Amino acid sequence: MGQGGLKTSRENDDGVKMIITVAKPFSELLKNLERHHSVFIVGCAACATKCQTGGDEAVKRMIGELQTAGKDVRGSVVLDTPCDMRIVKRDLGRSVEAGGADALVILACGAGVQAIEKVLDHKLLYPALDPVFIGTTERIGIYHGYCGACGECLLDKTGGICPISRCAKGLVNGPCGGVVDGKCEADSTRDCAWVLIFNKLEKLGGEKTILRELIKPRSRAKRHILSKTDRERGHP
Amino acid sequence: MSKLCQKLKRNEFVITAELFPPKGTDIGNLMRRAEMIGPLVDGINVTDNQRASMRLGSIAVCRLLHEKGFPPILQMTCRDRNRIALQSDLLSAAVLGIENILVLSGDHPNIGEYKEAKGVYDIDPVQLLTAARMLEAGVDLAGKKLKGSPSFCLGAVVNPTAMPLELQILMMEKKVKAGAEFFQTQTIFDVARYRQFHDRVRGFGVRVLPGVTLLKSMEFVKFLSSLPGVTIPETVVKRIAGAADPLEEGIRICAETIRELRTFADGVHIMAIGMEEHIPRILAAANNS
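Top line first, the protein sequences correspond to chains A and B. FYI, in this note's numbering the residues of the first sequence are 1 to 236. FYI, in this note's numbering the residues of the second sequence are 1 to 289.
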């Protein structure tokens, strides 16, 4: 495994943000692999390691489970950042070819699976994880889906609390009428983002501009364009 | 201008009620209830897939009421349609003779029959009100000109019992700014408390119709208490719990509430939730004593 600069920078980022993944049910993965006898396993040393779904330990477990299920595991690697095509090219290509497996089982998020697809487009890929959200880490196992990566950050207006990801309806002009004792109508265990925002703005003592001005409909176009540019240029 | 709108502008006491489209195509019961309440009220709200369940469409039912001469109020939520579909449906409503629109965010899919459905919420109620006013001015949200523009009487909702109240009031002011002419509220039971709210928002220049609900049984009290934003005072719960005939007691409570509201409020919005056949008796009792 490489020890490139990216890993260092991620370590500096420790506990800030990451893609949260959960393991797919093993029975579902096995069903997907029905037609394949030999497999190669790819793990992720970044986010999926921190979630304990795709690091060394998870890959070891996966090897054991697949072997017990009668699969021929030809090899495995835990990539520093499988979402980085440069890393995939440098560290994955040769080992996969050498193994000659029918299919790749990938313990990474969709960004990782698709970076691998771009590099090894002749291989059949099977994700072993379900990515669920971009997480803010409180501690291992306690993650919050605070950022929706919407392409139009509003946090300057809301006291640092995101209504797009933390209001169940993603309302940007203020709350609905469904709040009960500060909790959300969609999930009574969840705080109403707009009550949090209101209380925070009160505490900060500034103008509650976002609650007075008519906020225009969000532009989804920016996000489409950015991801298109990403694809065309290969990087943002 | 719709009759509802005219009456609102004349500052008269306005009575609206609510009907739920059926789950299916049998409109017999719905139309029977419409016949019962239609002549007694100034507008009939038709809910839009209420509680995030799948129902017969609100626009179709509004048109059926319109054909019978009963003034419909089309409820439009932001839950199931994006800005293209919502604006298109506003135009559709207009050509079908439906002018009264009530804009809501819509109960979240998570509390309904389709927990796995995508909640759209592409635009919010404030933005939908803005869009409706833009359509009236002959241009859509994309800035494109219309050939023929609609005319609406626009309403929105506010919850006078949600805390912090200041936040609900800021939201209400924003909806007024975006074009709401009238408001209907979440159901209220405490008239004195509602009066404080009424006095607080009097200066906004809009008419507010507080919601009242017929409590038919203790089971229903429990169900209602579980809904988002509904608070039933202990005194009211005790009256239903201690009544020999809870439905009769519920009718009495509802009539008393309306009678009290008549002394100061802009009107009332009756949510009988499946018990619309009792609305004539509620209104008669509210008028008589």
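Each hint should be verified, as a subset may be incorrect.
Cut-off 16 Å, straight-line C-alpha distance, at most; resulting in silico cross-link-like pairs (EDC-like, lysine to aspartate or glutamate) [stated by the list, open to error]:
(1) A:Lys216 x B:Asp140
(2) A:Lys216 x B:Asp122
(3) B:Lys238 x B:Asp190
(4) B:Lys115 x A:Asp187
(5) A:Lys203 x B:Glu166
(6) B:Lys177 x A:Asp187
(7) A:Lys208 x B:Glu166
(8) B:Lys68 x B:Glu35
(9) A:Lys157 x A:Glu207
(10) A:Lys200 x B:Glu166
(11) A:Lys208 x B:Asp199
The set of hints was computed from the structure by calculation and includes no laboratory data. Every value quoted in this text rests on a predicted model; they were computed, and no experiment measured them.
Right, here's what the structure says about each hint:
1. A:Lys216 x B:Asp140: holds (13 Å)
2. A:Lys216 x B:Asp122: Holds, at roughly 11 Å.
3. B:Lys238 x B:Asp190: Distance ~14 Å between Lys238 (chain B) and Asp190 (chain B) Cα, so the pair holds.
4. B:Lys115 x A:Asp187: Holds: Lys115 (chain B) and Asp187 (chain A) sit about 12 Å apart, inside 16 Å.
5. A:Lys203 x B:Glu166: Between Lys203 (chain A) and Glu166 (chain B) the Cα gap is close to 14 Å, so the pair holds against 16 Å.
6. B:Lys177 x A:Asp187: Violated, at roughly 30 Å.
7. A:Lys208 x B:Glu166: Status holds; Cα separation ~12 Å.
8. B:Lys68 x B:Glu35: The hint holds at about 8 Å.
9. A:Lys157 x A:Glu207: holds (9 Å)
10. A:Lys200 x B:Glu166: holds (14 Å)
11. A:Lys208 x B:Asp199: Judged against 16 Å, a Cα distance of about 23 Å means the pair is violated.
Consistency note: the structure conflicts with the earlier hints numbered 6 and 11.
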